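Undergrad: Given next are the chains, with one letter for each unit.
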Amino acid sequence: MKTIDGLLLDPVGCLAEFPPGPFHEIAVRLFGRKGKASASGSRSYWHLLNLMEAAEIPLKGERRKIAEALEAEAVAGASIYEDVLPVLAELRTMGIRPFIASSLSRTSITTLVQRCSLGEFLSGVWTRDDGGVKIAPLLAALGGASLPADQAMYLTDTVEGIKVARSAGVHPILMMNDPDEARRLATHNPAGGVVSLHEIPDFIRLIAAQNKSRAE
Amino acid sequence: MKKISIYRPSTVDEAIQILSQHGSEAGVYAGGTDLLIRLKNRLHQAPTYLVDIKKIDHLRFIQEDAQGGVEIGAATKLAELADSRLLQDKYPMLVEAVNKISSPELRNASTLGGDLLQEVWCQYLRGGYSCWRNGGYLCYGAIGDNSYYHSAMGGRLCYAVYPGDAATALIPFDARAKLATPQGVKELSIEQLVPGDMLVDGRIQSHVVRFNEILTSVVIPPPKPGVRASFEKLRPRGVWDFAMASLAISLQLRDKTIDDARVVFGGIAGKPYRETSVETFLKGKTLSADLGEQAISVALANAAPLKYNATKIGMAKGLLASGLARLNA
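Taken in order, these protein sequences are the chains called A and F.
Residue numbers for the first sequence, in this note's numbering: 33 to 248.
Residue numbers for the second sequence, in this note's numbering: 5 to 333.
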């Protein structure tokens with residue numbers, strides 16, 4: 033793995049625990065999805081993104097208002113992981129650039145960033161308003177920040193997240209929040225995995241040290 | 005097993021030169037009970053060049069120093085420690101701990117240095133999984149079966165427990181390690197020697213010894229007056245198993261009053277886990293039958309067990325109670 037320069041973060045699943053209900057409700061109301069919501073906010077979110085991607089047409093007018101209103105509920109109900117701010121601060125001292133690359137709307141991300149005081153630690157924000165969902169915000173972030181894909185990590189706790197990162201050429205790093213789910217996801221060939229966000233700075237240091245050691 | 009080359013230097017300086025020349029491709033070879041298994045397990049970090057230090061003089065000895073302490077050469081066999089009258093007289097708890105390491109056959113081959121610096125025995129690492137210590141970037145122990153070989157006290161990328169017993173037993177004596185380095189001799193406390201998962205020379209390892217450094221000896225200060233010590237170890241079988249939990253405890257007593265205490269748990273964390281909150285709690289207390297129950301209440305408050313290993317914390321607390329009871333007997 034090349035020495036890491038930047039970190040792509042979707043708040044859902046790697047910065048905060050989101051309630052699944054609002055994402056499921058968007059899927060039900062806008063895409064006619066049936067059944068119960070997943071127990072996991074991340075999985076509900078990625079199910080919704082799959083539906084949004086399959087629809088191909090960006091949300092507009094009333095549909096957009098409904099989606100953003102429900103996303104605002106999700107953001108209001110999100111609880112940020114306790115190690116997020118110290119880790120972002122540490123990454124800043126290491127010269128690593130953290131970016132938001134999210135399929136949430138810009139409005140939702142702006143609210144979340146303000147609510148959780150993330151702004152001062154972020155090097156940039158890309159959302160679905162920058163070209164679409166899933167891989168689009170990652171590609172927009174890579175291009176916008178002139179960040180080589182092979183020097184970037186994307187943190188995720190879903191199979192879809194792993195696949196999207198691979199498609200973008202970014203290293204998918206598994207957030208192993210739930211050991212049973214992580215064991216299943218580990219079979220999908222992530223580039224690495226961390227038990228909690230506080231391990232990310234050490235992960236990046238280890239790669240840098242390994243590359244330095246090889247160069248010597 | 006991959007092809008290896010063996011060097012047999014006759015001095016420590018020569019050994020350091022060879023290690024420096026080959027970088028992390030080389031490794032120190034003494035007892036071989038860990039190193040050769042790493043090679044057989046085809047571990048990513050197993051060395052290609054073995055630097056056999058068994059022929060080097062002054063690495064295999066147990067001798068009393070002028071202050072009444074004892075220095076032990078790093079290449080001294082564990083069986084020699086177990087049989088040492090000098091150690092039995094001065095540090096019986098250390099001998100008790102050494103006698104609980106592995107099996108008699110392995111103690112005849114294993115060295116003190118090897119026990120202190122051994123690689124972890126996580127079944128995923130040894131089974132060839134591409135984990136943090138084996139060329140990968142994920143701890144399978146954290147998400148798999150972690151009931152035995154993994155930390156119940158949190159981790160730093162790798163969640164394997166530090167497996168050695170000697171370090172756990174040496175810390176209560178304030179023992180120090182001597183390292184030969186290209187820059188000269190370096191001395192560290194045992195806690196500094198094995199601080200848990202460290203990034204050293206681009207690797208994750210439990211100790212801080214760099215690729216071109218050699219642990220040469222361990223120095224134990226003279227026994228303090230009034231010290232009573234005990235080593236307890238719980239393992240699935242009575243022999244040839246690593247600790248599910250262990251405890252080395254020493255109390256410096258004035259009559260029944262505890263003037264000073266050392267409490268070190270093994271088998272529950274990525275390092276020998278010195279429990280200073282219990283040490284602080286014990287100081288000034290009277291050694292009594294109910295002290296164990298009280299000590300348990302302040303022990304291991306920072307426990308962070310994985311899915312299957314919370315039982316280790318219960319075991320460790322039980323050892324604390326039984327250790328204190330034993331010292332009170």
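No lab work stands behind these hints: they were computed from the structure.
None of the values given here were measured: they were computed from a predicted structure.
Do not take every clue at face value.
Unchecked claim - In silico DSBU-like cross-links for lysine-lysine, where the CA-CA straight-line distance does not exceed 35 angstroms:
#: 1; chain 1: A; residue 1: Lys34; chain 2: A; residue 2: Lys244
#: 2; chain 1: F; residue 1: Lys81; chain 2: F; residue 2: Lys44
#: 3; chain 1: A; residue 1: Lys244; chain 2: F; residue 2: Lys287
#: 4; chain 1: F; residue 1: Lys104; chain 2: A; residue 2: Lys244
#: 5; chain 1: A; residue 1: Lys34; chain 2: F; residue 2: Lys59
#: 6; chain 1: A; residue 1: Lys34; chain 2: F; residue 2: Lys6
#: 7; chain 1: A; residue 1: Lys244; chain 2: A; residue 2: Lys195
#: 8; chain 1: A; residue 1: Lys68; chain 2: F; residue 2: Lys311
#: 9; chain 1: A; residue 1: Lys34; chain 2: F; residue 2: Lys7
#: 10; chain 1: F; residue 1: Lys260; chain 2: F; residue 2: Lys287
#: 11; chain 1: F; residue 1: Lys94; chain 2: F; residue 2: Lys6
#: 12; chain 1: A; residue 1: Lys244; chain 2: F; residue 2: Lys58
#: 13; chain 1: F; residue 1: Lys104; chain 2: F; residue 2: Lys311
#: 14; chain 1: A; residue 1: Lys195; chain 2: F; residue 2: Lys311
#: 15; chain 1: F; residue 1: Lys94; chain 2: F; residue 2: Lys182
#: 16; chain 1: F; residue 1: Lys94; chain 2: A; residue 2: Lys244
#: 17; chain 1: F; residue 1: Lys182; chain 2: A; residue 2: Lys244
#: 18; chain 1: F; residue 1: Lys104; chain 2: F; residue 2: Lys260
Undergrad: Is the Cα-Cα distance between Lys94 (chain F) and Lys182 (chain F) 35 angstroms or less?
TA: 20 angstroms, holds
Undergrad: Does Lys244 (chain A) lie within 35 angstroms of Lys182 (chain F) when you go C-alpha to C-alpha?
TA: With Cα atoms ~28 angstroms apart, Lys182 (chain F) and Lys244 (chain A) stay inside 35 angstroms; holds.
Undergrad: Would the pair Lys244 (chain A) and Lys287 (chain F) pass a check requiring their Cα atoms to be no farther apart than 35 angstroms?
TA: 47 angstroms, violated
Undergrad: Does the alpha-carbon distance linking Lys34 (chain A) and Lys59 (chain F) stay inside the 35 angstroms limit?
TA: 42 angstroms, violated
Undergrad: Please work out if Lys104 (chain F) and Lys311 (chain F) have their alpha carbons no farther apart than 35 angstroms.
TA: 28 angstroms, holds
Undergrad: Is Lys195 (chain A) close enough to Lys311 (chain F), meaning Cα to Cα at most 35 angstroms?
TA: Since the Cα atoms of Lys195 (chain A) and Lys311 (chain F) sit roughly 27 angstroms apart, the hinted pair holds (cutoff 35 angstroms).
Undergrad: Checking one constraint from the list: CA of Lys68 (chain A) to CA of Lys311 (chain F), max 35 angstroms. Satisfied?
TA: 27 angstroms, holds
Undergrad: Tell me if the straight-line CA distance from Lys260 (chain F) to Lys287 (chain F) falls inside 35 angstroms.
TA: At roughly 11 angstroms apart (the allowed maximum being 35 angstroms), Lys287 (chain F) and Lys260 (chain F) satisfy the hint.
Undergrad: Measure nothing beyond the straight line between the CA atoms of Lys34 (chain A) and Lys7 (chain F); if it is 35 angstroms or shorter, mark the hint as holding.
TA: Holds: Lys34 (chain A) and Lys7 (chain F) sit about 29 angstroms apart, inside 35 angstroms.
Undergrad: Assess, step by step, whether the Cα of Lys104 (chain F) is no farther than 35 angstroms from the Cα of Lys260 (chain F), and give holds or violated.
TA: 29 angstroms, holds
Undergrad: Under the criterion that the straight-line Cα-Cα distance not exceed 35 angstroms, is the pair Lys94 (chain F), Lys6 (chain F) satisfied?
TA: This hinted pair is violated, its Cα atoms lying about 44 angstroms apart.
Undergrad: Hint check: Lys34 (chain A) vs Lys6 (chain F), CA-CA at most 35 angstroms. Holds or violated?
TA: Given that 35 angstroms is the threshold and the Cα spacing comes to 27 angstroms, the pair holds.
The structure fails hints 3, 4, 5, 11 and 16 (numbered hints given earlier, in ascending order).
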